[in-house]
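Residue numbers (the working numbering), protein chains in the order written: chain A, 1 to 241; chain B, 1 to 634.
If you are wondering where the hints come from, they were derived from the structure by calculation, not from laboratory data. Some hints could be false.
As the list claims (entries may be wrong) - DSS-like, lysine-lysine: derived pairs with alpha carbons at most 25 angstroms apart:
1. B/K199 with B/K159
2. A/K231 with B/K387
3. A/K203 with B/K292
4. A/K76 with B/K159
5. B/K292 with A/K241
6. A/K241 with B/K159
7. A/K110 with B/K423
8. B/K10 with A/K220
Claimed, not checked - Have a look at the derived ranges for each label pair, beta carbon to beta carbon:
9. B/L362 with A/N131: 33 to 41 angstroms
10. B/H79 with A/D112: 53 to 61 angstroms
11. B/K574 with A/E177: 50 to 58 angstroms
12. B/Q74 with A/V153: 50 to 58 angstroms
Using N, Cα and C, we set each Cβ at its ideal position, and we do this for glycine too.
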Amino acid sequence: MSDVKKIIEPKLSFDQGSIHPINQVKDHIISFLESKGFLHISGPEIETEKYNFDMLNIESSHPARQMHDTFYVNNKSHVLRTHTSPVQIRGMLSSEPPISFISAGKVYRKDDDSTHLPMFHQIEGIYINENVNFGNLKSIIYEIIAFIFGSDVDIRFRPSYFPFTEPSAEVDIRSKEGKWLEVLGCGIVNPIVLKNCKIDSNKFSGFAFGLGIERIAMLKFGVNDIREFYKSNLDFLNQFK
Amino acid sequence: MKICERHLRKFILDDLDKETLSKKLVQLGHENEIINDIIDIELTPNRGDCLSLLGIARDLNVFYKTNLNLPIYQNEIEHFNLQFKNEAETECPSINFLNISVKNLPEKYISEVESYFIDLNLKKNNFFTDISNYVAYEMGQPTHCYDSEKIDGSITLSKENTNENFLTLLDQDISLKGSSLIFRDNKNIINLAGIIGGKKTSCGSQTKNVIVESAYFNPESIIGKSIKYNINSEAAHKFERGVDPLMQEKALRRFIYLVEQHVEIENLKLYKYSNADFKNNELDSNISNINKILGTDIKQEDYLEILVKLGFKIDGKIIVPSYRFDIRHQNDLAEEIARTIGYDKIKPIDFKPIINTSTRDLSEDKLKQFLKDNGFYEVINTPFAKKSNKNSITIDNPLDINKNSFRSDLSSSLISNLDFNEKRQKDSIKLFEISDIYSLKDELMYEKKFSILVSGRQGHNYLEFTKKLDEDYLVSLFRKLDFDIKPFISSFDRQKIDSKIKNPIFLFEIRLDEFINQLNLNNVELKNKIKFKPYKEISEYPSTYRDISFAFSDTALIKKLENIIDKYDNISLKESFVFDYYNDIKSNRIKLGFRFIFQNQEDTLTDEAVDIIMDEIIEIALTQGDIEIPGLNK
């Protein structure tokens with residue numbers, strides 16, 4: 001037998017693509033919340049004012065309802081949803097408590113600069129049951145923050161205002177430089193919203209929370225300009241394999 | 001809102017430590033930044049009552065000893081026989097007019113008024129307007145001063161649809177549109193109610209006789225108007241957020257007091273108008289409601305003590321102060337307690353998850369994984385496009401006229417993405433997008449669509465480098481999922497885009513659910529674990545490349561060359577790969593071609609700079625053994 005020397009050929013590396021970083025972050029958080037019993041539901045991006053505002057206790061005098069903040073479509077018959085909360089309204093209307101939903105997706109506001117875009121993504125969660133309180137809300141928020149940012153991060157709850165929750169809170173985490181960074185909003189579901197959804201607010205209460213996905217992605221990846229996410233630049237997307 | 005810490009001290013009797021003050025304000029829900037003596041407070045939209053020194057001091061009363069009583073003019077005031085007609089009682093249920101004239105104008109302001117202008121770097125106008133602005137800063141109630149001698153006859157307030165022009169006291173000429181709440185005298189519009197007064201009746205530096213208007217306007221009647229007419233109005237901001245419905249006369253009495261501190265008053269008369277008796281909200285006072293909402297164990301007496309410090313009265317029920325129109329139910333009271341004790345003091349309490357038995361369909365995730373594994377990039381595009389289809393959704397108030405519609409397909413966005421990347425020297429483009437697409441036929445409809453696009457080289461390796469991304473590529477790719485995609489593929493005519501590149505473009509777009517139903521995704525393994533690697537800024541400068549071929553006989557040199565090139569580190573070298581490999585067994589000769597792609601972060605690379613790096617790579621390569629570089633002059 002002849003002595004055949006095996007040639008080691010050059011390595012063949014096939015290009016790997018990537019799933020969009022915003023969807024990666026979104027799916028990452030959705031998976032965690034699903035593991036906590038939340039059911040992922042979806043709804044339309046073009047909504048009625050009733051579901052986007054009225055049912056959520058956002059009164060006609062609220063700044064969000066002005067033409068400068070909201071995109072109106074087809075002769076003001078509809079709006080581009082300004083948050084994913086209308087999905088939860090639809091969820092509450094079609095279910096009986098106890099319920100726990102999450103909704104995620106694109107939302108629209110009439111903004112366009114290096115920190116705001118006319119389109120961005122949110123994840124919101126809602127939990128309705130008997131005797132739900134602010135302590136329960138804090139419990140899930142601590143878990144979410146620990147999952148995303150690690151269990152050793154400093155967290156601060158401070159009062160805020162959302163028409164659909166009362167009490168409402170913004171949650172900040174402390175950066176390595178010692179600055180407080182806002183990461184999510186949350187609160188106890190306003191009884192008016194429960195009543196709007198035909199839920200007995202004397203028997204049931206609930207909490208709700210919402211995160212801006214771009215905000216989380218920017219903090220986790222260190223991206224400074226939100227617009228980079230939507231240029232579809234392959235040099236950018238290539239970094240999120 | 002900017003206030004000066006020194007001015008706040010007028011109300012707060014305890015020592016103020018800036019750092020503690022800042023923390024206490026955050027605890028109360030007033031995010032802030034203190035630079036030197038200026039506190040810049042970001043108030044939430046429901047806290048219009050805090051848009052003043054008094055408002056902030058009222059909130060801080062839960063932490064500090066305060067004196068919330070500003071000196072006001074206490075004497076009875078003669079009735080002002082003003083001819084006033086209120087035709088907008090719903091929008092303005094309460095309004096007072098003060099007629100005040102002075103003998104002389106002051107040469108200088110008392111120190112507290114003077115420091116308001118100096119500390120906040122504000123421009124003075126005239127005596128009465130300056131006092132009016134100072135009262136609004138202190139008490140949150142805007143007032144407006146008319147030069148009494150410039151008003152022609154009676155005053156009427158009405159809500160009108162008018163297209164008249166109105167010249168503001170800041171010389172801004174406004175064409176009124178739609179419904180407006182306006183004050184008129186017998187001749188002119190004299191005030192765009194709650195927003196800005198008119199030039200014709202404005203006070204000047206010599207004005208000594210004024211009518212001061214102090215009103216409560218419903219926020220709905222004011223909101224959006226200052227933005228509509230591009231007017232920067234502090235008064236409008238306060239009315240939009242809501243003022244205390246019982247503050248109107250008190251603000252005028254403070255106004256008189258401050259005028260009196262400066263000059264002798266000659267004449268003083270007051271006209272009062274109110275069409276409604278204000279009734280404070282009343283709420284049940286049982287702490288169990290609050291503990292149930294918060295998950296706390298607060299005692300009844302502590303609860304009531306906090307509310308009293310916040311200005312609530314307890315009379316069996318909880319009586320909400322007039323300025324706290326945001327307090328309507330028990331959850332609002334719970335927030336008052338939570339922010340006073342501190343949100344961070346409320347302990348987390350575990351809760352019982354609701355177990356959902358339904359399982360998520362992973363088909364879409366598997367499709368994405370399959371495409372990622374085959375070198376495709378997922379993109380997300382904004383949906384705004386120029387209207388090109390009668391069934392597409394029209395945006396009534398677009399950001400610009402070229403984005404006046406919701407896109408009616410995904411493919412057009414992918415073509416734009418291709419063009420963007422080709423202009424950045426990308427020669428292998430594989431993109432896909434999944435998104436809802438909306439249309440309006442008889443009714444609003446939407447469907448989730450999938451679109452994919454390929455153009456250029458199949459890949460950056462020696463097997464795929466010379467192969468084109470084409471119809472056959474897509475067909476063989478989706479054959480792996482047992483799907484014949486050929487009938488759906490279309491080619492895109494490059495003439496439609498301004499591009500010098502000749503590579504053909506192939507794409508298809510399909511309803512996602514129909515598509516997924518026809519794919520066999522059983523063998524696709526989901527393995528996408530997110531990696532949070534720090535992102536590196538990408539360069540906006542053009543890239544350039546060099547190709548080099550090495551020829552040799554010793555097969556061990558393949559690995560050696562690959563290793564040294566893999567390890568070669570230069571900030572300008574962005575990517576390198578073997579694009580050509582040929583083993584001529586007969587002549588025992590191996591050819592190995594490398595492509596080097598260069599790009600700088602800071603500037604455009606010159607040929608000379610690239611040549612220096614290439615010379616270094618060649619020099620290192622040639623030390624590895626008996627290697628020849630065809631075409632290289634030794």
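* Going through the earlier hints one by one, which of them does the structure break, listed in rising order? -> Violated hints (numbers, rising): 5, 6, 7, 8, 11; every other hint is consistent with the structure.
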